[in-house]
Every structure is written in C-alpha cells, then in structure tokens.
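Asks: Dock chain B against the given chain A, drawing on the hints supplied.
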Amino acid sequence: MEPTQAAAAPTHLLSVLVWLPAIAGIFILFLPRQSPGMLRAVALGVGLFEFGKSLQLLIGSDYARGFRFVENVEWIPSMGIRYHLGIDGLSLWLVVLTTFLTPLVLYVSFGSIKARQKEYIAAMLLLQSAMIGAFVALDLFLFYVFWELMLVPMYLIIGVFGGPNRVYAAVKFFIYTFAGSIFMLVAIVYMVVTFKELDPSHRYSFDYQDLMRLGFPRWTEVALFVAFAVSFAIKVPMFPLHTWLPDAHTEAPTGGSMILAAVMLKLGTYGFMRFAMPFFPGASHMVGPTIAGLACAGILYGAAVAWRQKDFKKLVAYSSVSHLGFVMLGIIARTPQATTGAVLQSINHGISTGALFLLVGVIYDRRHTRDLGEFGGLAKVMPKYATFFILVTMSSIGLPFTNGFVGEFLVITGTFTADLLRIPYHVERSSGPSFVGMGPLYASLAALGVLFGAIYMLEAVQKVFWGPLNNPKNRKLKDLNERELIALIPLAILILWIGLRPQDFTKSIEPDVQGWIDQYEQKRVAVTRLGAQRPWMLSESDVRLPPRREPRAEAR
Amino acid sequence: MSAVISSLAQVTPQIGNLVSAHPDRYFVLGLILISPLLGAIINGFFGKKIGREGVYITAVATVGMSFLFSLFAYFTLYKTAHAPVAEGAAHGPAQLSYVVWDWFRAPVGAGTVQLKLRYVLDELSGVMLLVVTGVGTLIHIYSTGYMSHDEGYARYFAYLNLFMFSMLNLILGDSMVLLFVGWEGVGLCSYLLIGFWFTNTQYATAGKKAFIVNRIGDVGVILGMTILAWKTGGFEFAKIRDALNVDGSNALTALNEKPEFNDVVAYFLSFGRTDSKVFEFWMKVIPEFSWGGAACFFLFVGCTGKSAQLPLYVWLPDAMAGPTPVSALIHAATMVTAGVYLLCRLSFVYVHFPTVMAIIAVIGALTALFAASIALVQNELKKVLAYSTVSQLGFMFAACGVGAFSAGLFHVYTHAMFKACLFLGAGAVMHACRDKQDLRDLGGLKQFTPHTFRTFLIATAAIIGTPFVTAGFYSKDEILFRALASQNANHAWVGKFVFAALVAGATMTAFYMCRLLFLTFWGEFKGWSLNKEDYPNYVEPSHDDHGHGHDDHGHGHGKPWDPPHENPPVMYIPLYVLAGMSVIAGFVGLPYLFTHKESVWGQWLIRSTEHTGKPITEWNLVMTEPRVHSAEITAMAAGFAAFAIGLGLAWWIYLSQKGEPARKLSSSMRPVYQLLVDKWRVDELYDFIIVRPLRFASEFAARVIDRWLIDGLVNLVGIIPRAFGALARKSQTGVVHTYGAVIALGLAGMFGWVVFLPTAAISARADGGERVTVEVHGGPNYAYAWDIDGDGEFPAEFGTETRQSGTCRKLESPDGRNVCRVSVRVRNAFGHISTISRVIELPASESGSR
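Chains as they are written, first to last, in my numbering: chain A, 409 to 964; chain B, 36 to 885.
Careful: at least some of the hints might be erroneous.
Unchecked claim - Counterexamples of contact, computed for chain B against chain A with all Cβ distances above 12 Å:
| # | residue |
| --- | --- |
| 1 | 86 |
| 2 | 88 |
| 3 | 92 |
| 4 | 129 |
| 5 | 553 |
| 6 | 672 |
| 7 | 693 |
| 8 | 762 |
| 9 | 785 |
| 10 | 803 |
| 11 | 835 |
| 12 | 844 |
| 13 | 867 |
Unchecked claim - Straight-line alpha carbon distances no greater than 27 Å define the calculated BS3-like cross-link-like pairs of lysine-lysine that follow:
| # | chain 1 | residue 1 | chain 2 | residue 2 |
| --- | --- | --- | --- | --- |
| 14 | B | 84 | A | 788 |
| 15 | B | 84 | A | 884 |
| 16 | A | 788 | B | 83 |
| 17 | B | 83 | A | 884 |
| 18 | B | 83 | A | 886 |
| 19 | A | 792 | A | 881 |
| 20 | B | 151 | B | 274 |
What the hints assert, rightly or not - A few chain B positions that, by computed beta-carbon distances, are all more than 12 Å from chain A:
| # | residue |
| --- | --- |
| 21 | 110 |
| 22 | 482 |
| 23 | 522 |
| 24 | 628 |
| 25 | 642 |
| 26 | 838 |
| 27 | 853 |
| 28 | 858 |
| 29 | 871 |
Since the hints were derived computationally from the structure, they do not count as laboratory data.
This one's a predicted model, so the numbers in the text were calculated from it and none came from an experiment.
Ideal placement from N, C-alpha and C gives every residue a C-beta, glycine not left out.
Chain A extracted, bound-state conformation:
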C-alpha cells in the first residue's frame, strides 16, 4: 500500500455498503406483508442509496493504486481474525456493478414475482451484502464467511421462486459450489496453521497480507493452488465444472439469473485474481497453460453447446460459459492489457448477460415458455423489444462500439503477446532446447469464439424475431412496458458508454492490474528461486506492492 493511501482519513464507506442491505433485508422481514408498496419503496430506496453511496468509491480512483477505503480492526483476536476490508481496481467496478444491478433487478422483479415478495426482497438484499462483502474482504475468514453466506439467499431464490424443477437445481447449485469451497477451506486452514508455525510470535492470522508472505515447496503449492482453483473454477464456472450453471439458470427466476450471471460468477474470476494466483504464483504459473487451455475449451465448447440449445435461458447460460472463458484467459495471460480486458470483460458480461436474462424474462413473463421453437417473427409485434435485443446481442458478440468488443479485443491481443504461456520443446533450431510462448495459439482459439458467438446468437435472434409470425399465441404479445424499459435503458446506455469511452473505466482498473502483475512476478521469482523442502516465510519486500512503474507507452 502506498503511504498516501495509508494516511487517508478513516472511512466506513465499505462497511456501510456491506451491512446496510443486510440490515434493510432483516428490517423488511418485519414490515407488514399487506403493504407491498412500502416493501418495494424501502427495498428500492436502499438499493438506490447503496448505488449512490458506491459511486463515492470512484472518487480519486483514476490512476490510483493499492487498497483504498481500508477498514482494519480486530474481530476475534484469539484466532487472529480481523475485520479487514479494502477495495482496489480489481474489485472496484465489481462492487459498483453489484450496487447498480441490485436495485435494477429488484425493480424488474416487482413485475414478475407476485407471491412472497417480502422474502424475495430480503433474500436479494442479503445476497447483495454477501456479494459486496466477498468482494471487499481482505481477511480470509471474513471472505469465506461471505463466500458461503452468498449461497443461502441464492439457494432460496432458486429453490423457492424458481421454475418447476427448482429444487433439483437449487440443491445441485448449493452442493456443487459448497463442495468446491470445502477444498478452499482446508487450504485456508493449512495456510493459517503454517503461518502460526512460521511466525516468530506464533500468532494465528487470516489476514490477506500476512498469508501472502507464505512460501511453499513446489508440490505443496500446487496442491494448495488446486484446492483454491477448484472452488473458484466451479463458481466461474470453468469447463468442465459448469453443469450446475445451466440448471440453476433455467430454474432461477429472472432476477436470480441476472444476479447469478452478472455478479456471482465474477466472484470465481475475482477469487483467482485476488487469492489463488497471488498466493501461489509458482503453481499458478505452472498450471497456467492448462487453465488457459480449459478457458479456450470453455469458450468454444460453451459456444458450441449454446448453439444447439432449444431453451432460451440455457442458451444464455452456456454463452456465459463461453464469455467467462475469455475472462479466465485474460487473467491467466497476465499481460496488463489482457488482464485489464478480463476485468472489463467481467463487467461487460455482467451488463450484457444481465440484460439478456432480463430480455428472456420479458417473453417468459408473457408466454411462460422459453422454447425457441415457440417464437418467430416477434419483431413485428414487439419492435422495441427487438431493438433492445439486437443491441444486447451485438454487445454479447462483441461488435465494436459496444462494450463487448473492448474486453474481447484486449483479451485476445493481450494473450497473443503474452509470452508467459510457455511449453517446453526440444527441437534444436538454433541454440538448444527452448521454450516457446504459445500465446498466439490460445489467442487464435479465443478469436474463433468471436465467430461462434455470432453463430449462436444470430441463430437465436432469427428464431425469435425474424420469419413469419406463425404462432397464433404470439400475435397479441405486448411490447416492452414502462417498467421493462426503465430497467433496460440504463443497461443500453452502459453498453454504449463502455464501448465508446472504455477509458473512463479502464483508467481505474489498469494501475492496479499492473501492480497485481508486478507483485505476482516479484513473488514468483522469490518462490521459484528457493527450492525449498518445507514452507517458509517470504521477506516483506518479496510480497510488497512494487513501486509504480511508468507505463511503457509507445513501445519501440
């Protein structure tokens, strides 16, 4: 952390952001069910207040680096558990995305969720708390609590408010992600115990920066990394751990799907960036090419499977698998632009897939089916709907001047020039055995995803909007109502805003991404240099955020 930030005045902004929705959610449970208007007003008010409050996070965030708005106090001293919150460029926009989408989702849901609205609102607000908490927690215990806490409201949202097969989906969602995080818990406990052994004063600590200092022998590191990676990869979800996602999405109500796709999945990629990779740079470097391969496989596989779906929501769900592949690839590539692109792409995916789920929900509300074969020619009766859908489609397939392009382009070009993904080869070309950067291979595979994206999305658009209006049930469909328009317009604006002025967003991501990479590389060198047999404590200077380097603009 840089001294200027450390000297900043104490602030409780993050605490407010984390706890206010939960408190409001509990408060709402005590409000009378008979006055839904009041329930809605309170929920929306809290949501909008949160959003406004979260915009304060942006103040001074341009080109800033290191954790900001830090709160760090003791919580359970005997176990070394601290209440440590902080935000930086990796999490900033994810938090803002969460606060932006939650009121929007609530507002949309008021139209479609009729029964048990109170519980729904409470669950949503609780979920918001848990998600923001997980994004800003810098204490592993705290993080784990939020991480698991997230599952409960989402489980309820799917299991109570979902579709016909909701219980199966909810249980699968819960057990799958929960089983994954058990591995992480074991790894965390191992790390904490190791820290206690190595620490001169033999104290426990769950603190992010303390645990950062641990170095492990190679295979221990790999085992720990895999434990973290599995739990995050399930959340992302990465191929082949993705099968819970289509089920969860199909059964979840529109709002649940939106939040699930837009925010919760990002916790997986965020976990890789914040924890799994910086904790275990040696291992993640070693396993990196495999993960990148899985990411590419996910991009292509997700697209291929999405293409053959008949259920609209499943199509969007598999498209998420494909899009998240880009994010993972960008993170693993670890070039400033690829990783910045990955962070931006996770925001983009939140916006465009959130909007897609919203749009699918619109026709589901009207027709109570998501079977693509049931539709056709809707552009005739629902022109506004078609316009928004095509805009979102274009964003989803990465058309330039929409948000999708910038992220995908940065990831592809960034991965191309990453010479970090290396495989050994033993061909004597000129000077003996060597390593070859396989960035171009991964980038080319990812670029194919751009093509496949167009194939499945346009086919869906054609099935729904073009062609004759044959199905008599679709003749009388109503176009977007006011509520849906109000929800969609901000999303559309963001799609174009990020497309046209991405720098407004990347300028607060880039410095921290650069710092993240520098820190990672610095620690990786320290970890690989020592061929240790047992865990050891790295020196402070090995894990400190390295001094800011001026960006090497205008290369060559």
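Replies: Structure of chain B alone, referenced to chain A:
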C-alpha cells in the same frame, strides 16, 4: 443544421491556420461523421413521429451534408497537398485529422499504445470518402422513391444512415482498430438491411449468412492486426508506415521473423519424437510463414469475407434479398470494396511479402473468372449483377495482388459509379415491372422505361469496357497493363497468369452484361402475357401482406395489365448522374500511353500506394519507356478483344438469333450448364464439409458430452451420498409406534451395554526399564484385579485402586520389538467380570543394554 453551417462559415477563412496549428482539430471530419449518425438516431427513434416526409428529409439531408462537408474537406486537403513547402523540407503525406477522445490503451508487444478515436483524411481516404458520400447521397435520394410505399421506411433510412456512419468510420479511422469498428459496423447494417423484410425467413437467413461468413473473415482481421501491431509497434497506419520506412527498420526485421511454434506443432504431430521420420516430415510440410506474412494473409482472409472473394464469396449473391438500393450502395459500390481499401491502406506492408501478394493476385483472378462463369447463365437480374460484382471485385484484388494498388482503387471508383447505376437501374426495372426480375419474363423495356434504358445502356457500356469513352475501359485497361508488367519477386508467373485470367474474365463480363441488356430491354415484353405454368418459380405478387414479405412497392394494387411505366424523377435523376459519371470518371486516369505522364489519379495516390524499390513493385524501376508502351498496347488490344468478342457473341446469340444458340448449347451440354446454374454447387459443398460436421459436433457436445458425460459424472458423484440416504429413508415409515419401539429398543440396548458388559478405558505407560504404570477408568462401584508382569495370573483380589505400577516381563516379539503385556480384570457393580489387555512398547535402549 443552420447553426452548424453558420459556425462553419465563421471558421472557414481560418481553416488554413487551423490545420497547421491544431493537427488533430480539423472538426469538419467530425461533422462528416456525425451527421449520418444524427440521421440514424433521429430516424431510428423518432421516425414514426416526424412522418414519411420528415424521414426522407432527415436521411437525405444528413447524408447530403456529409457529402458537402466531404467535398469541402477534400478541397482543403487538396490545397494542403499542393501547398508550397519550406525549402529543403520533405513533403510528408498530406493529412487532416480530428480526435474525438481517447479510446482505450491496447497492447503492443511489451508496451501499450493509446488508441484514440482519431479520424484522418489523406489522399487515399479522400477519394474513398467522395465515392462513398457521393454515391451514398444519390442512393438515399433514389431510395425515397423506391421505398415510398414501404411501411418500414423509417427503419430503412435509419439503417442506411447508420451504414454511412460505419462506412465513414472504416474509411477515416486512423488505426486498424478503428477501421475494424467500421468494418464490423457495416457488417451489422448489411445484416439488418439484407434481412430488412424479415418476415421472409429466406431473407433473414441470407442476412445471417452474410454476417457469419463475414465474421469468419473478421477473425482473420483481429489476428492479422494483432500480429502486425505486435511486430511493428502500432495499430495506427501512419505509425506502421513510419516504422517500416526507416532504413534497416526493426519493425521489418520483426515482421520477417518466423514463428517458433511451427516446431512445436511438428513436435506435437510427431508425438514428441523429434528424432523420428514423422517429425522431419512435418517440419517439411508445415509452411514457414513469417509473422508478417501471416499477418498479411490473415488480413486478406478478412478481405475475402468482406469483399466476397473465393472462398468466402457465398454470402454476396444471397445478399440480394435486401432492397435493391441497398444492393447498389452496400453490396456493389461501397462496403464490398472495403477489402480493397484495406489492402491499399496497408500496401506498404504488403509489398514486403511477395508470396502473400501472389496469393491475393491469384485468388482475385480466379474469383473474377469463377464468378463471371456463374453470371453467364443466371436468369435473375440481380443475381447476374451480384456475380458480376464478385467478378469485378476479383479484378480489383488481382490488381492489388500484382502491386497496382492505385489501379485497384481506380477500379473501385469507376465500378462504384457504373455498378451503382446498374443496380439502381435493375431496381427501376423491378419497380416498373412489379418486382419481376427474371430475364425470361422481361424484354422490350426500352419503349416503356426510356430513362432507365438509356442509363442502363451507358453503365453496361462502361462495365464491358467500351473503348476510349467509358470509365470502365480505362480502369480495366490499367489493371490489365499493370498485371502484364508486374514482376512478383517470388513467383514470376503470377503476372502473366493474372493477365490471361482477367482477359478471359473481361470477355465473359462483356458477354453476360450484354445478354442482360438485350434480354431486358430488347425484344418483346413477356411479363404480363406470361404463362405461369411454364415458370414454377414465379410467385404471384401478394396483395394482403403488403410491403413486407418481398420487394413490393405498392404496385400490386394497380390494374393487372398496366404496361410497365417509367419511374418518378427522384429515381431516374440519380441514374443519370451515375451514368454520366460512368463516362467521365475514367478521364482522371488516362493511360501513360496517351499522355506520357502519370495520370491525375496515379499522381494523387502516388504517396499512398506506390512503394518503389520494394520487391513487388520493382517493375516501376526496370521498365523502360518502350517496354511500358508495348505492354500497354498489348493490354489495350486484349481488353478491346475481350470487349468485342463478348459483345459480338451476345449480339449474335440474343439479338440476331433470338437466343436459339444458347438454348441449343445448354441442352447439348446439360451437365455443365446445370452446374453453372447451380453456381458450381459451392453452397452445397460448404454445407456438406463445414456446416453439417460443425452442427453434428455441437449436437454431440450438447446432447452427449454435456448431458451424459460431464453431468453424468456429476450426478454419479451425487449418487453415492444419495445411496446412503436411500437406505436411511427405508426406515422412515412414519408409524409412530415403530419409532417408539425403535427408541425403546435402542435405549434398552444402551442400558444393557452399560449394565451387563463391564467396560473400562485403560492407559499404560513405560516408566523406563521394564517398569510400567497402568491406569484404568471404569464406572461407579467398579473393582479391578491386576496382572502387571504379564504371566497371565492375577495375584491380588479385586480392589478399588485405579492405578498400579510394577515390572513387566518382556515378550518374545517376532519383529524384535521390545514389548510386554499387561492385563486388568474389571468387575462392574452387577458383578460381571471381563478382562482387558494392552501391549506396551518398552523403551528400546533398555533392551539394548540388557
């Protein structure tokens, strides 16, 4: 709008200062771009409110403004280009630029570049700008007549304006990324406009096909520009150019590097056995492109998509599903020439890679031939024109491939004029004949639609290269001459091959275009007397689905036997303008043979497209004047022969013999004829080798791998706990009596265990030597008897002591460990007795000493 004009008027006098003082502040470029975008927004969102007239005015005015601003900017550029420069200073390329704002930072090798929304007007973009906005304006005007009965007029003009905006991005963008914005943007508009009458599934499918085929190319563009930027250090054209133009350029060295992973691919293909014959085989087979060559090739793949070249041309003929003015503007005059424009833009890179140039030249020439062969036998007016466009684009690519970029661009320019005129003429014919466009139904139209006829005649004359008076002649002649004169450094045969192929292509062009002309305008009008049974494909114009399912303009309501009629002036005036341009446009590019100096066109583009001293254009240096003249004369003679043969044949077959020879030939060579009519069955081939396998693989992934394999495994893991659960579930009978019984039984069992079976926990430790201490923990009222020494006898009676020490005798242990056994008899309160034994390990050192 008036505010814009007045502000423009205020600054006009200072424009000269402005340009030099603020290089990125030439805001006229911004106005050129923004006005069609404004039109798109107004028509798109408020189209219904401002009404039909409002939409027309908005659309035409915004594009017209854009054209006027373009003219203004072009003349400013012209003045800058010809401005006197200071003594000794180099005359850099003239350019005007405008920065909107910073866009994003993109990776370049180890560093980054700041990409801006920066638009640049230079000589190259200047001519494209005029063509696009000029033709665009005319077609907008024409469209107000053509679409006058269509319900979706607002949507149509919104798309068309958006297209103009995208196309301008493509032309004016200063970097490859910004070009790509336009590149994909025009693709989107093309998609929307092809599927404009979306209720027709076939049209919508055509739009989708266009977009997806273009996307295949776009993947190539993304990869190509990534490599190029990585190796040269910039996405901006100017930066790449500067990097390459220095002596001993690092960028050039970097571009010529060979990718290492050729080895790796071979390594994998030979399963890691680098000493094997298999490995050697792969090393020979895998081509060693340099990075630069790969970049150029990938970018060219993008061009084959956008500009409909082999093998990605298949979308363009289908794209004729869109309204005819769209075909004229997007699929003939402007968008499809974007590939040529990209090649010209990057010509300074391409000239370093002769092999890629050879590929481009050959692909272009083959496309020219191939598409022309299909056009020979097609019966639909627009289909013929579509294949003609593909063929003419082949000419342009062939020109670029032999290094004659300015000639290729010259053909872009002349082709835009006459092909737009032809397409609009076709639209006029269809408008006049109630959407009939089958050549077998048309005929004799010259008396009904005189304006259309005249302009169509002139444009046809231009495309078939009528000598000396038409633009098509000069541009085609320039291409033929440059092809003949070119010398590809790696593949010397390319020039001759291209020349021969293009002459053959030109002959076919002359033939099919004259066939089209004669069958449409000469002879007798057959349309209304048509016997429908003879024409299974003929569809009665439908009256109820007015204006949506097809290219209908409301003439369905007229009396069925009205003769075809001429169109309103808004439609034929643009035709005259374009026809006029088809004639005069060529005079800016008079051949060297006539004038003995570089043509106006060549002179203007010399800095953008001529790169002397590079392997590919060396002819420029080695050609002496007599050799130039002989090549020019050969080319001109060949061009003239192509024109004469094609025209003569068509005349003989379709005018003097009334098509009889054609019918005979087609029936005697049925298979060949059918193959041509079926367009070489390329669509079917692609469907068979690409689409179906891909669909099958996806289906397999979705239905088998995902559903059964992956999710199956997941569910299998889920079964294990569930199996236990199922067992447990069996006992859940719900009968309270059973539960009660089970509880009672359980309690009794526990009680019995405690009461009747004396149990105790025993712990023992070795105190050193053979001395041990044993401790036992039983229940209340327990008593214990001890056997410490391990002889099996219990010397003392039961006592209540819970701890006993003593000496334990060592046992014979097979593994040599030092152990002994202690036993305790335990008696509980009910008098039941049991014996518990423990084996204790004694300290090893003691046994050693003993």
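Asks: Far enough from chain A: is every CB of that chain over 12 Å from the CB of residue 693 (chain B)?
Replies: Label holds. Min Cβ-Cβ 41 Å, cutoff 12 Å.
Asks: Using Cβ atoms and 12 Å as the threshold, tell me whether residue 803 (chain B) really stays out of contact range of chain A.
Replies: holds, 31 Å
Asks: For residue 88 (chain B), is the shortest CB-to-CB distance to chain A above 12 Å, so the non-interface label stands?
Replies: holds, 21 Å
Asks: With a cut-off of 27 Å on the C-alpha distance, tell me whether residue 792 (chain A) and residue 881 (chain A) pass.
Replies: Status holds; Cα separation ~19 Å.
Asks: Taking 27 Å as the top limit, are the C-alpha atoms of residue 788 (chain A) and residue 83 (chain B) close enough?
Replies: This hinted pair holds, its Cα atoms lying about 15 Å apart.
Asks: Non-interface claim for residue 838 (chain B): all C-beta distances to chain A beyond 12 Å?
Replies: holds, 35 Å
Asks: Over 12 Å to the closest beta carbon of chain A is the bar; see if residue 762 (chain B) clears it.
Replies: holds, 19 Å
Asks: So if I understand the rule, the pair passes when the alpha-carbon distance is 27 Å or less; does residue 84 (chain B) with residue 788 (chain A) pass?
Replies: With Cα atoms ~18 Å apart, residue 84 (chain B) and residue 788 (chain A) stay inside 27 Å; holds.
Asks: Are residue 83 (chain B) and residue 886 (chain A) close enough, with their CA atoms no more than 27 Å apart?
Replies: holds, 18 Å
Asks: Is it the case that residue 853 (chain B) keeps its Cβ farther than 12 Å from each residue Cβ in chain A?
Replies: About 32 Å separates residue 853 (chain B) from the closest Cβ of chain A, which puts it past 12 Å; holds.
Asks: Taking the shortest Cβ-to-Cβ distance between residue 672 (chain B) and chain A, state whether it exceeds 12 Å.
Replies: The claim stands: residue 672 (chain B) keeps its Cβ more than 12 Å from every Cβ of chain A (closest is about 46 Å).
Asks: Please confirm whether residue 86 (chain B) is truly not at the interface, meaning its C-beta sits more than 12 Å away from all C-beta atoms of chain A.
Replies: holds, 17 Å
Taken one by one, the earlier hints all hold for this structure without exception.
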